[in-house]
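Asks: So the protein lines, in turn, are chains E, B, W and H.
Counting from 1, position 303 in the first sequence corresponds to residue 295 in this note's numbering; the numbering is continuous, with no gaps.
Counting from 1, position 142 in the second sequence corresponds to residue 134 in this note's numbering; the numbering is continuous, with no gaps.
Counting from 1, position 12 in the third sequence corresponds to residue 4 in this note's numbering; the numbering is continuous, with no gaps.
Counting from 1, position 137 in the fourth sequence corresponds to residue 129 in this note's numbering; the numbering is continuous, with no gaps.
Hints were generated in silico from the structure; no laboratory data involved.
Be aware that a few hints might be false.
Note that the list lumps identical chains together, so a pair holds whenever it fits in one copy or between two copies.
Unchecked claim - Restricting the straight-line Cα-Cα distance to at most 20 Å, the calculated cross-link-like pairs of lysine to any residue (SDA-like) are:
1. Lys4 <-> Pro334
2. Lys62 <-> Glu7
3. Lys307 <-> Gly267
4. Lys86 <-> Gln317
5. Lys307 <-> Gln14
6. Lys307 <-> Gln168
7. Lys307 <-> Gly50
8. Lys42 <-> Arg239
9. Lys42 <-> Asn268
10. Lys4 <-> Val74
11. Lys42 <-> Ile54
12. Lys86 <-> Val74
13. Lys86 <-> Leu320
14. Lys42 <-> Val55
15. Lys42 <-> Arg53
16. Lys42 <-> Arg66
17. Lys62 <-> Tyr129
18. Lys307 <-> Glu7
19. Lys62 <-> Ala1
20. Lys42 <-> Pro56
21. Lys81 <-> Pro331
22. Lys81 <-> Asp137
23. Lys307 <-> Asn0
24. Lys86 <-> Ser73
25. Lys307 <-> Arg319
There are 4 protein chains.
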Amino acid sequence: MMIIMRSNATDKQIEDVVRTVQANGLRAHLSRGIERTVIGAIGDGRPVDKDQFMYLSGVDRIVPISRPFKLASREFSPPDSVFPIDGMKIGGDKIVIIAGPCSVESRQQIIETAHAVREAGAHALRGGAFKPRTSPYSFQGMGEDGLALLAEARQATGLPIVTELMSQEQLPLVLQVADVMQVGARNMQNYSLLHAIGSSQHPVLLKRGMSATMEELLMSAEYILSHDNQRVILCERGIRTFETATRNTTDINAIPVLKSLTHLPVILDPSHSIGNWEFVTAIARAGVAAGADGLIIEVHPNQAEALSDGGQSLKPERFAELVTQVRLIAEAVGRSVAPALPQLSQAAIS
Amino acid sequence: MMIIMRSNATDKQIEDVVRTVQANGLRAHLSRGIERTVIGAIGDGRPVDKDQFMYLSGVDRIVPISRPFKLASREFSPPDSVFPIDGMKIGGDKIVIIAGPCSVESRQQIIETAHAVREAGAHALRGGAFKPRTSPYSFQGMGEDGLALLAEARQATGLPIVTELMSQEQLPLVLQVADVMQVGARNMQNYSLLHAIGSSQHPVLLKRGMSATMEELLMSAEYILSHDNQRVILCERGIRTFETATRNTTDINAIPVLKSLTHLPVILDPSHSIGNWEFVTAIARAGVAAGADGLIIEVHPNQAEALSDGGQSLKPERFAELVTQVRLIAEAVGRSVAPALPQLSQAAIS
Amino acid sequence: MMIIMRSNATDKQIEDVVRTVQANGLRAHLSRGIERTVIGAIGDGRPVDKDQFMYLSGVDRIVPISRPFKLASREFSPPDSVFPIDGMKIGGDKIVIIAGPCSVESRQQIIETAHAVREAGAHALRGGAFKPRTSPYSFQGMGEDGLALLAEARQATGLPIVTELMSQEQLPLVLQVADVMQVGARNMQNYSLLHAIGSSQHPVLLKRGMSATMEELLMSAEYILSHDNQRVILCERGIRTFETATRNTTDINAIPVLKSLTHLPVILDPSHSIGNWEFVTAIARAGVAAGADGLIIEVHPNQAEALSDGGQSLKPERFAELVTQVRLIAEAVGRSVAPALPQLSQAAIS
Amino acid sequence: MMIIMRSNATDKQIEDVVRTVQANGLRAHLSRGIERTVIGAIGDGRPVDKDQFMYLSGVDRIVPISRPFKLASREFSPPDSVFPIDGMKIGGDKIVIIAGPCSVESRQQIIETAHAVREAGAHALRGGAFKPRTSPYSFQGMGEDGLALLAEARQATGLPIVTELMSQEQLPLVLQVADVMQVGARNMQNYSLLHAIGSSQHPVLLKRGMSATMEELLMSAEYILSHDNQRVILCERGIRTFETATRNTTDINAIPVLKSLTHLPVILDPSHSIGNWEFVTAIARAGVAAGADGLIIEVHPNQAEALSDGGQSLKPERFAELVTQVRLIAEAVGRSVAPALPQLSQAAIS
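Let the sequences and hints guide you as you build the complete structure.
Replies: Structure representation (structure tokens):
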């Protein structure tokens, strides 16, 4: 941590800061410039709370030197984290595609979609049983019944299930069905939930909050990792900006920058990050071109009846086209999309 | 809801949209302009999910007409909501001041601060026992022990207690001590928590999320109100922008705009919204000048030792000066700060 | 400037950085922490371009220590700058109010408004002859004819004129009429214009760009000050955020923070910063409560016919009410609104 | 334009709005809902200023129906605009790459870079002679001497020149050298400059302002198009958000969305939009994968000495690698990078 003094700081003020630094078990290291003095507070690598120094007389600013995350950092663990989730392996050369409806709405809808996305080449099925909705008057998800339908869809197709968890109470139920538990953007800093998920030792897909910095996303991952739960997938899903032509702004920069900061796999959700089905395929291509380890895509067999986020869902045939295009991009960057699951026998489908 | 068709929409597409509108139990009303056709979908005032229409061929955009919140709206309930919380009455002419440390840190700290802010004119004591911190390595609050100290502080000073609730599990504990439960910015869209708080029938201070729109804040209030829990206080606490000179950007516009949109009381947290104690008093004055019904201020007896957010805390003597200045502003806008609590006997203090 | 090395930087890389620092005429000062090395580059206070160091192998980040502005800084010139503009004195205890229509539209409109705002207590008349409009199809201002009408309004009322300059070509014309030349938000970083204005030695009202940081605003002021043109007034006019309920977000924090960073006067434009006349008075009060040295307010005698920005203009009678309220706030913060100009004789008015 | 009345608007207020609509030569069309009345104002497609209606009593909001840009719109001119600039053809299937240093710094630097980027496959040379710099103390470009060096570089390599114009005064000079005149982000709404450039009938590369919406970018293009200057290239260069880990946030969504809104070519500047050379190639790939018609890349032979933006410049060999990677992506999306210029004879190079 560097403590930058005001240009008119007195010697007395500088001494007081030095003393406080030392009282915190840190070494103080002075640089006297023409205009200002800077005091380096050098420790043993453990995080120090900068707020303790901000109040001191004569202090202008505090600049942290160490990154606040450790376990999530590339420096802590240089190679890419790769881990299997059911049959699907995430974080390596093979790009993984998760697809399905925003919400589980009916038995027919989820089973039909599961078969359709499986056939198009998806490796996992997404679908929300518990839905965080801005309005209390919007459909809030099928809850426990939705989870049962997801279990049935897994049974029918063999696809691992990615589904959202909104609170600790739902954990026992969701754990029975989810192969990956999703933490939504609105809960990225719900620390009680992060602690619970960390303890569960279950794989997690952690979405970036809508105005979270990359560092904050990594700090939220750190909460989970600090419980020694290593299977955390980070997901860029668009951030909030002044632009109104799109639902969110896809922070494509986050893909390569996060990959450089952390060893964890990074995937992109182009459906939420642009919010309009017409452009989802273009953004999915961009994500893989930028280095994403996977994609999570909204697919709905009948958008006209979708109870949530219909406007950003792809029909199954468009999703199949997206997979085809993404395969070409993956190859262009020296990777490949993970192989599609083997075809089911006719008996299994019907 | 107005459905704006693309300029090249065909008659067939327009008819399809009209049919879908009618199939949703709404009346369709066409305006054919030179360039585009607009279809009004007219209902009985119940919210309609616009996503159902966004996918239809030929549709360009959907414009909602009704506001998505009802119970929170000024139109639903024109007069200002005024409600008592313990001795303190909030939402009327009298401006209420809540003050205290970011976190409860020790018996001495909280009792001493409680007396100091009471004496300076505060009407309630704030202090966090459960603290949402960006880093898992930062102090997370004293938890249950902190709640016990808050109870003691109330006992000693008579000040009602405002304290944060981070999850449903903490609800029974927090309910025993809190006169007002605070929902922090990071949990503004933690809908499980909002439902639980709504059911509790307990007063709530709901902070705006760091990138939430005013409409989203009101929708989160609507979650609580929909449980017929009427005692919701809204709190502006700064939003996230590109500016780096301050911790957040105080959205001072939100004060008069929220007051026009809703009947609920609106208060300002100048400590978090600017993040530097030197400027807290100026922003507190601005908030009251703009029409805020109250303030929530961080005060710490000894900033040098504050375990969280020290840099934005005022010392008690500066807080007293803030109250003096705010009183003058309140009078300048034809209001007044609620009267200070009567002095305690010496016996009570020691 | 502090150069923060990566945690895995080699000794060779550190030596190379030190050599480059020295080759730039700076002293290098090493702090070796457990995780990282930080190299202070200490100079004589002249700005150094940090880009020269960013590319070097092993460098993680550069942290500037000195502020990039000098002449504008409070440290360079501690007392408040106060300067007279025609009769009006700006930057001292007395708060100055500039008012008038967005655009000059007709002789009657501008003369009538000038008399109305003068009578209500304004100290200067604003009005645009050259208008930056988002659309080439919108009214672009009356140009030279508009300037002539402004000159006439000054003649009739004695009010100094504040009017916008959009390009260097307009400078000779605008100089003949303007007492203060306004640089609009869209031109805050039009450096050719800033150089020209600097050279003119004429007073300037410099508006903050819609997504400019405070530091960038001060750097733009520095362009003007570097021509030894000292009469620069800074103006907060709202910044662009994700919020859509208001035209812009008034950055009220900028008032006290700018006042601490610079000796230049800081005023607020509540009309643009909230964009809705209903709320302009509340935000004007907030600005003065936060420490603004003045206000610039849109007033239009007949909003129904306003050719630009009608929705945020006040009618003269509402403006008079604003002045009354602002006077009370000014007194509450120990200042006062500058005295109104003496009444004109009836002969002068007609 | 739809005029949405407040829920408590009176019949009288509704009638007044209708009368005003008609007085503006528009037809009024009423939709009475349960809660609110909406008045459609239907015209002949010419833009109408909505501000005239915002002030009227009882009006809640105005929703524009027509897009404010015409000549730039895809609806006005459905096929992609393709136009030749010197040898280079832009806007069609072939992707164009513009490369070179941020600033022209010396004869050797620009000639050497020109040869290097030509050999690596670039189709045009960028280089600034006039540089908009945040600080008046930073290098402001070589000016006229820099233009002469650019002319020499074109002579030597045959590469068309893209160079920035900061003000109308520079136009005659820049026209002599530039094949494409660049309007920088800070000047996107410098309307005097846009008018001058429109009149010049010269090709333009128009960069998006750092907080401009896509619609505003198109409105600025409209300024140029309204002078019947058709050769406008739009450039996404990153927008300003709260994220601090990168210089800007690349708005990758803007690529496909702009392509759907306009017929004009859309290119990406990955160097400015992420601001760190390490990630430029990843973002360049993403841009082409998302549908960009070209790229503009910063290349500097010796970053250590770069006088501006060194940290985001690629060395020539890394740029050559970028071109190779982008070629693969172009093919993966069914396009190709425009062919490299034929090799120069050795005589020509030396």
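Asks: Each hint needs a verdict: does it hold in this structure or not?
Replies: Quick rundown of the hints versus the structure:
{"no.": "1", "hint": "Lys4 <-> Pro334", "in the structure": "neither (74 Å within a copy, 42 Å between copies)"}
{"no.": "2", "hint": "Lys62 <-> Glu7", "in the structure": "neither (31 Å within a copy, 27 Å between copies)"}
{"no.": "3", "hint": "Lys307 <-> Gly267", "in the structure": "within (14 Å within a copy, 37 Å between copies)"}
{"no.": "4", "hint": "Lys86 <-> Gln317", "in the structure": "both (15 Å within a copy, 19 Å between copies)"}
{"no.": "5", "hint": "Lys307 <-> Gln14", "in the structure": "neither (63 Å within a copy, 24 Å between copies)"}
{"no.": "6", "hint": "Lys307 <-> Gln168", "in the structure": "neither (29 Å within a copy, 51 Å between copies)"}
{"no.": "7", "hint": "Lys307 <-> Gly50", "in the structure": "between (61 Å within a copy, 17 Å between copies)"}
{"no.": "8", "hint": "Lys42 <-> Arg239", "in the structure": "between (36 Å within a copy, 14 Å between copies)"}
{"no.": "9", "hint": "Lys42 <-> Asn268", "in the structure": "between (42 Å within a copy, 13 Å between copies)"}
{"no.": "10", "hint": "Lys4 <-> Val74", "in the structure": "neither (53 Å within a copy, 33 Å between copies)"}
{"no.": "11", "hint": "Lys42 <-> Ile54", "in the structure": "both (7 Å within a copy, 19 Å between copies)"}
{"no.": "12", "hint": "Lys86 <-> Val74", "in the structure": "within (10 Å within a copy, 38 Å between copies)"}
{"no.": "13", "hint": "Lys86 <-> Leu320", "in the structure": "both (13 Å within a copy, 18 Å between copies)"}
{"no.": "14", "hint": "Lys42 <-> Val55", "in the structure": "both (8 Å within a copy, 16 Å between copies)"}
{"no.": "15", "hint": "Lys42 <-> Arg53", "in the structure": "both (10 Å within a copy, 19 Å between copies)"}
{"no.": "16", "hint": "Lys42 <-> Arg66", "in the structure": "neither (23 Å within a copy, 26 Å between copies)"}
{"no.": "17", "hint": "Lys62 <-> Tyr129", "in the structure": "between (41 Å within a copy, 10 Å between copies)"}
{"no.": "18", "hint": "Lys307 <-> Glu7", "in the structure": "neither (67 Å within a copy, 22 Å between copies)"}
{"no.": "19", "hint": "Lys62 <-> Ala1", "in the structure": "between (34 Å within a copy, 18 Å between copies)"}
{"no.": "20", "hint": "Lys42 <-> Pro56", "in the structure": "both (8 Å within a copy, 18 Å between copies)"}
{"no.": "21", "hint": "Lys81 <-> Pro331", "in the structure": "within (11 Å within a copy, 39 Å between copies)"}
{"no.": "22", "hint": "Lys81 <-> Asp137", "in the structure": "neither (29 Å within a copy, 44 Å between copies)"}
{"no.": "23", "hint": "Lys307 <-> Asn0", "in the structure": "neither (65 Å within a copy, 23 Å between copies)"}
{"no.": "24", "hint": "Lys86 <-> Ser73", "in the structure": "within (13 Å within a copy, 38 Å between copies)"}
{"no.": "25", "hint": "Lys307 <-> Arg319", "in the structure": "within (19 Å within a copy, 30 Å between copies)"}
Consistency with the previously given hints fails for numbers 1, 2, 5, 6, 10, 16, 18, 22 and 23, ordered from lowest to highest.
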